[in-house]
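Line by line, the protein sequences are chains A and B.
Counting from 1, one number per residue, gives the positions in the first sequence under this note's numbering.
Counting from 1, one number per residue, gives the positions in the second sequence under this note's numbering.
Because the hints were derived from the structure by calculation, they are not lab data.
Cβ atoms here follow ideal geometry from the backbone N, Cα and C, with glycine treated the same way.
Only true hints are included.
Below are the DMTMM-like pairs computed for lysine to aspartate or glutamate, each with C-alpha atoms no more than 25 Å apart in a straight line: (1) B:Lys-93 with A:Asp-324; (2) A:Lys-413 with B:Glu-22; (3) A:Lys-379 with B:Asp-45.
Here are some chain B residues pointing at chain A (derived, C-beta under 10 Å): (4) Leu-3; (5) Arg-16; (6) Leu-19; (7) Arg-20; (8) Val-26; (9) Tyr-27; (10) Ala-33; (11) Arg-43; (12) Thr-46; (13) Pro-55; (14) Leu-63; (15) Arg-73; (16) Leu-76; (17) Ala-79.
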Amino acid sequence: MSLHTKTLAQLAKGLRAREFSSVELARAFLERMEASQPALNAFITVMREQALADAQAADRELASGATRPLTGLPIVHKDLFCTAGVRTTCGSRMLDNFVSPYDATVVAKLKAAGAVTLGKSNMDEFAMGSSNETSYFGPVRNPWNTTLVPGGSSGGSAAAVAARLVPAATATDTGGSIRQPAALCGVTGVKPTYGRVSRYGMIAFASSLDQGGVIAATAEDAALVLREMAGFDGNDSTSVDQPVPDYIATLGTPLAGLKIGLLKEFFDKGLDQENERRVREALAVYEKLGARLREVSLPNLPLSVPVYYVVAPAECSSNLARYDGVRYGHRCQDPRDLMDLYKRSRGEGFGAEVKRRVMTGTYVLSAGYYDAYYLKAQKVRQLINADFSRAFGEVDVLMGPTTPTPAFEIGAKTADPITMYLNDIYTIGANLAGLPAVSVPCGFVGGLPVGLQIVGRHFSEAKLLNVAHAFQRETDWHTRIPEHYR
Amino acid sequence: MSLTREQIENIAHLARLALRPEELPVYQQSLSAILDFVGQLDRADTGNVAPMAHPLPGLSQRLRADLVTESDRHELYQANAPQVAAGLYLVPKVIE
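Construct the entire structure; sequences and hints are all you get.
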C-alpha cells in the first residue's frame, strides 16, 4: 500500500512503528503536490525547505520515543490562515506579497501538536466563492474530472485531499466552503460550531459566520485534526470557553436509537434526482444501523440564501475596509492623493466577486437601507435559528444533501452570480445558526462524487464525527481515489 | 430593484473602489440582480422578532483586563508596508 493511500490515522501508526519516517512522508507528498500543480493548481505556496526541516525535527522526536498527537504528520493550510514567515495571500492580488508576521491560532496549535506543514492551498479570493474560480492564482480543478470545479471556497484543500496530495487540510466555512467542496471532491469535511475553533489569524470574511475546520478522507482523520484545532482562545473574542472532548474516544459509539431528521425543504425541486438517490441510499444505511428517520420541516430555511447575501456582504464590506494600501497589501502606483490611493489600491487589489460583495454590503448598510436589508436579514436569521432549535427538540441530527448537483464545468456558472450563490442552498443554514455540520461522501453520479450532509446541535462535533464514522464503517465511498491519483 | 449608474458610482465611492467606466454597467446589472434576489426577505413576517447578531444564544462581548500585554514589534509588522520611513507609514499628502 503506497504512502499516499494511507489515512492520517494509518500514517500516525506507521510513523510510531518506524515503518517510514516523517521525511519520507514529506518527500512523497511534496513530490505529488508539485507534480499535480499544472493539472489541479491546488496550491499557492509549497513550503518544501521548511517542511523537510520540520520533518527532520519530527523524526528526531519520534526516535526519542516522545511524541505529540500529530508528530510528523503532513498537512496543508488553506491560504486564509496566517503562517508566520510564509506568504499568506487569501487567494487575492491584494495580499500577493503579504508575508504574515504571526501564526494563526489554528496554525500554532497544529504546530504544537507536531504536524508538518507542506504548503498553503488555493482558494476563492477572500473565501468568496463556491467553485474556486475567483482566485487571483487561477482556478483549482476537480481531480475527478479536471474540466470541472472542485467547489469553493476551500477548493484547493478539498482537491488536495481527494487526489491524496496530502492526508488532511485545514479549511474554512462561511456559507458552505468546507462542506460543498468536500462533497464535490468526494472527501469528508467538518465545519465546527461557531466559536469552537479560534478565528485569530484566520483572515476575516464575515465575522458572525466564519469558522475554521478540516478536510480529510475520513471522519476519523478529521477527528484527529479537529481535536487539536479546537479550543478556547483569549485572542478571539468570539471563542467559546468549553472543553474539547476527545473526538477519537467516541467515534465507535453504537448508533442504535439515533433520531435523524430529514430536512423536508432540502428535498426540493432544485435537488438533482440522481443526487437525491445517493442521499436516500445513504439514509437507508443509517436505518440498517438502527437509526430512526423522520421528516422535519424548517419553513424559513429556504430564505437562507437571501439572508446570507445580505449579512455576509455587509460583514465583508466592513472587514475588507482594512485593505487600504497604507500598512500592508497592494498599493497602486503613483497615487495622486489619499482618496486615489484607497480607490485604486482596492480597485486593483480586489477581484470582481469581492468588489461585488463589498459594494452589496456597503449598500445594505448605508443610511436609509440598513433597516430594510441588514436588520431585516438578521431578523429572518433569528427565525431560521428558531426553526433549527425546534427541530433539534425532536431529533438528534439533521440529514440531507450537501449540494444540489455534482461538480459543474469551470466557467458554467460565472455569468450570473445568483446561479453560483444557489450552490450553497443546503449549507448556508448551518452557518446562520452557528451549528456544526459535516459532509461525507455517499456515492457517485456519472462518476462524480455526491455528499451527505449531517447537521448537529451546538458543540455536538463528537456526535457528528461518531455518526459519520459509523457510515464509513459500513461503506467505502471515502476510500475512493480518482483514477489518475491512485 | 434597478440601481442607476449614479447609485453604483456612489456605492463605489463609499466603498473606496475605483471602477473603470466599462465596469459600471456590469456591476449595475449584478448588484440590481442581487438586490432583487434578497428582496424575497420582505415575504417573511418578522413583526416581533429580534435581530440575531450572534449565532450562539446568551453570549455577550467578552472583556479583558486593561493591562499592557503586547511588546513593540513594529519593525516586524512594518516589513510588509509599501512605504515606511522612521517607523511611520508614508501616504500622499493628507493635509493641505
